[in-house]
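Residue numbers (our numbering), protein chains in the order written: chain E, 1279 to 1591; chain P, 1279 to 1591; chain V, 1279 to 1591; chain F, 1279 to 1591.
Hints are not guaranteed to be accurate.
Listed below are the simulated SDA-like cross-link pairs for lysine to any residue, each with C-alpha atoms no more than 25 Å apart in a straight line [what the hints assert, rightly or not]: (1) V:K1349 - F:R1399; (2) P:K1349 - E:G1564; (3) P:K1573 - E:N1428; (4) F:K1491 - F:S1469; (5) E:K1373 - E:E1321.
Reference listing, derived: stretches of chain P covered by chain F, where coverage requires no fewer than 3 residues with Cβ under 8 Å from a Cβ of chain F [claimed, not checked]: (6) 1473-1484; (7) 1558-1571.
The set of hints was computed from the structure by calculation and includes no laboratory data. Cβ coordinates follow ideal geometry from the N, Cα and C atoms, glycine included.
Number of protein chains: 4
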Amino acid sequence: MSLACGIDVGGTKIAGGVVDLDGVIIEELRVESPATDAEAIEEAIAGLVTQLRERHPIETVGVGAAGYVDKSRAVVLFAPNVAWRNEDLKGELEKRVQLPVVIENDANAAAWGEFAFGAGRDAEDLLLVTVGTGVGGGLVLDGEVYRGANGVGAEIGHMRVVPNGILCGCGKHGCFEQYASGSALVREARSLAMSGAQIAQGMLRRAGGDLQKITGPLITEAARDGDAGARQQLAELGRWLGEGVASLTEILDPEVVVVGGGVSEADDLLLDPMREAFAGQLVGRGFRPIPGIRKAELGNRAGLIGAADLSRR
Amino acid sequence: MSLACGIDVGGTKIAGGVVDLDGVIIEELRVESPATDAEAIEEAIAGLVTQLRERHPIETVGVGAAGYVDKSRAVVLFAPNVAWRNEDLKGELEKRVQLPVVIENDANAAAWGEFAFGAGRDAEDLLLVTVGTGVGGGLVLDGEVYRGANGVGAEIGHMRVVPNGILCGCGKHGCFEQYASGSALVREARSLAMSGAQIAQGMLRRAGGDLQKITGPLITEAARDGDAGARQQLAELGRWLGEGVASLTEILDPEVVVVGGGVSEADDLLLDPMREAFAGQLVGRGFRPIPGIRKAELGNRAGLIGAADLSRR
Amino acid sequence: MSLACGIDVGGTKIAGGVVDLDGVIIEELRVESPATDAEAIEEAIAGLVTQLRERHPIETVGVGAAGYVDKSRAVVLFAPNVAWRNEDLKGELEKRVQLPVVIENDANAAAWGEFAFGAGRDAEDLLLVTVGTGVGGGLVLDGEVYRGANGVGAEIGHMRVVPNGILCGCGKHGCFEQYASGSALVREARSLAMSGAQIAQGMLRRAGGDLQKITGPLITEAARDGDAGARQQLAELGRWLGEGVASLTEILDPEVVVVGGGVSEADDLLLDPMREAFAGQLVGRGFRPIPGIRKAELGNRAGLIGAADLSRR
Amino acid sequence: MSLACGIDVGGTKIAGGVVDLDGVIIEELRVESPATDAEAIEEAIAGLVTQLRERHPIETVGVGAAGYVDKSRAVVLFAPNVAWRNEDLKGELEKRVQLPVVIENDANAAAWGEFAFGAGRDAEDLLLVTVGTGVGGGLVLDGEVYRGANGVGAEIGHMRVVPNGILCGCGKHGCFEQYASGSALVREARSLAMSGAQIAQGMLRRAGGDLQKITGPLITEAARDGDAGARQQLAELGRWLGEGVASLTEILDPEVVVVGGGVSEADDLLLDPMREAFAGQLVGRGFRPIPGIRKAELGNRAGLIGAADLSRR
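Given the sequences, and given the hints that come with them, work out the whole structure.
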């Protein structure tokens, strides 16, 4: 039995898990992330691997990390939340754990997880769209993770969808993630509530009258309970997602689109408006297959599972 | 010596050529295109192959056709200008010419031509952007033509760049090709001239005062002669191209971007503003390699050469 | 009893009517418009006045004309549909009819009609928005028709609402009337039907399957009958209208907004979505009175009645 | 000789001045503004009037205040920076100073100042556009201050110019002042400098490498010294201003447009690009007079002078 260790380096936690050939996590551990200290993070990763290895015959290690990873799956060119700059993470970790290590961009790893064991396991091409704080993306094309020429592709959240639009943290205006992320959902819901609009009062009441307590999960819960304002906000988010993914589909022609991230928990309250907007924005409707839009199945473990599995390949 | 025949099915002409392993066209023939009569076009293609074959030991045939081609490189799902609907073009042609035939989308074929023998021959990934009547695109990713899950990818001209924007022939609003094509260039230049703007008077004079005679080649020629209005129009087109290709680069991370099509004849009068806008719209400048933007080298023979070469693979 | 004659110069008809002090039309006549022949139109107007005068003691004549009218209410600077260029229309007509004549922009005249006798008769400020082929506007401010410094104000249809938006006949991109007119309504409904969208099939069936027969009145009738697609289209038009009129309200702070033109026949199917979008786009909600949005009351006679009444002032 | 007292209530200072019939300030005093304490501000105003009155035979008092002022020029409906809500400011002040008092919106007062004694003294209609932290506006139409039906007009900064655009402090997206204010100028210049763009390095050097020290005056000074990046930024601001004022001109048809506020100090480096964009966005060029665009002449004393003069009328 070939077991692999998957590591997911998040902003606050590092998760490590032992993953079997069916994508099942046999054991999982979590530690606090030593934040921005690059070396400490490497130590923590090695510690997790060492612990898991005591109980499981791990043969390889796959690490999913936010950031630009070079094509050889070894070097982190740049990580937004960690002090890695041209860091030979593969080398550093192999020195410590004496096992073969591969490094993957976390969204690519998650796309692979969904492709191999989740919502896309019947597909050959897959576009993963994660709707969380931002909008992330991962591509599997022709059965392979697509890494781009420089390891910096699939940054779909920074496709420009509105010229002169909302300012993005990246410095550009009008990025997709400013309209289609969970942060956008919350921003617009709060703005509506603040304006005194009647339709937003249900959400505001649930938040105890405190605008700052209007969150993604609160909106989703309200929508599930039938709150009209919350449903409208999710539908608006779905519309932006569908229109953006239509542009991506003109370019990539994926077999299936998988939607993950926290906001995907809203299920069809988000996905149905997304599907409608998507279908309405595709060229050549009637002469082309229209990719299905599905909810992700592996939740926030997709990256860990995908990274582990990719380390075996 | 392995020779292949490449066929380029255009709206008014069908070109056929014998292409060697270095991408050189040894002989080329052209016939009028029997327009929309699907069977007559097949006859015409077979006729070209037969003629060329009399003088050259052709082993395979590659056909570049505008439209959606299925992944098996056999069936034209839909062609905008020809009456092909789910047409087994490969089967029909093989029956007639008794040689192995492959069908390729014309932009994909052109991308391969530039990749194998043209502006991208040193690269492993390439995005071809053709700026003509519309904006077309072809992708070579990791050394392979990217065909998408359904053969309908790389339609970059229909990425939406302006919500509620200019109406496109496809029925959508705000498609990239409404802002970044040769047609857009001419439309805006005529509109400016009609408005009586001083800066457009040079172009209008060259056109003998006839708005309809302001064409892409006229604008390019005027710009080369230093006409300020023509240069401004090309720069504006370049800006849209650069900004759109920046979005594509966030998604695809190509190694190199090759610009073809008639308007690319304007060279750096188009490409320099494009490069500037492109660089200004990329996330993570400073931490990523920035793909070069180059002019295509094979002109309007890229598709023929590419189709021929792909038939050998 | 002071009677005035009102003239409405339309593209295909010229209407003349005798209007009393209560804005009631006592008698009305119509003749074909001699189209673009400026002098023939003047003859036709004089003919109408002469006929009406035989039966009614008319004291003044007011002419409503599409185009730019100078501030002295005498000269047509420019008319889009008639060959008037700096035409002293007042002088020409007074020579012919030997009565005092005033010339008014037709939308201004209609705004005055609604202000004096129609939906705004209780108000002191009024913004008239006519939703027809284009979007027209007329202003009554502080109880006076607002004519602008040069007689060319209140052209609200050419406020830009979408940068790089839909091309307008005027040569600009993104004009309000490209989104909020009856023409926009029809264009979008046809486009939706052409795309094969399920929701548009009801409209298409009513049109006997002929896209060109989807018209404004057909959409309104379908919407009244409960057709979801037609209602959606009217709601979308209402949204654009409401958002545009919100911008106008930030600038003009009218007491009341009156909506006329053919599409206003859709009543609250248009006006309710307009009101909702309007209220949602006003700054300082809660600290300011929100102008009411009302349907016009005088139909297509507002201009004739208004022009007549203005000639008495 | 009829002397009036003008009061300008700013965020940090309250200015009071004695203004003669020629708009000349004979004496001016300033005190700290007691910020948000409504009554203390009234005391401070009364104190200024009392002091000035000891030396000058003041007959009336005009107060310019940011906020919504009712049409009777008495009540502040809402002030963004002071705790006035439906405050009878006229009544409160008249009780204290025993002189006739009128209250005016500050931008209206400034428009009147420029109209009566400044850049518009030869005009009958005037649109004042102040380009500072935000974009403010004041209208004089047919020789009278235009106050709107509810005292809340001329808020041109909140005309929407980009659907789904940059978030405004008012809660809406895409307001004019997010693109055409001094704040927008600084935001974009800093963003450009942060991105590492070569063209912004001159501004950054002047700021000693500190992004936060790139300010409006720094940009203007750099532009005057020929810095290409600063000139580009001012030209971009001018373009937005010109395009927005073109929309306003379609609506209002002013005789003259006066540009004030801090950024207007950049003179033709701002106004020339504004004029060019303005002329390029007007309907019916060639058939209409094009309003001149002029720099304001009274600087930040326009409001004080205008308020004083309006109190005499």
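We went through each hint and held it up to the structure:
1. V:K1349 - F:R1399: 20 Å, holds
2. P:K1349 - E:G1564: 18 Å, holds
3. P:K1573 - E:N1428: 21 Å, holds
4. F:K1491 - F:S1469: 13 Å, holds
5. E:K1373 - E:E1321: Holds, because 11 Å separates the two Cα atoms, which is no more than 25 Å.
6. 1473-1484: holds (count 3)
7. 1558-1571: Per the Cβ count (3), the hint holds.
Hint compliance for this structure: every hint is met.
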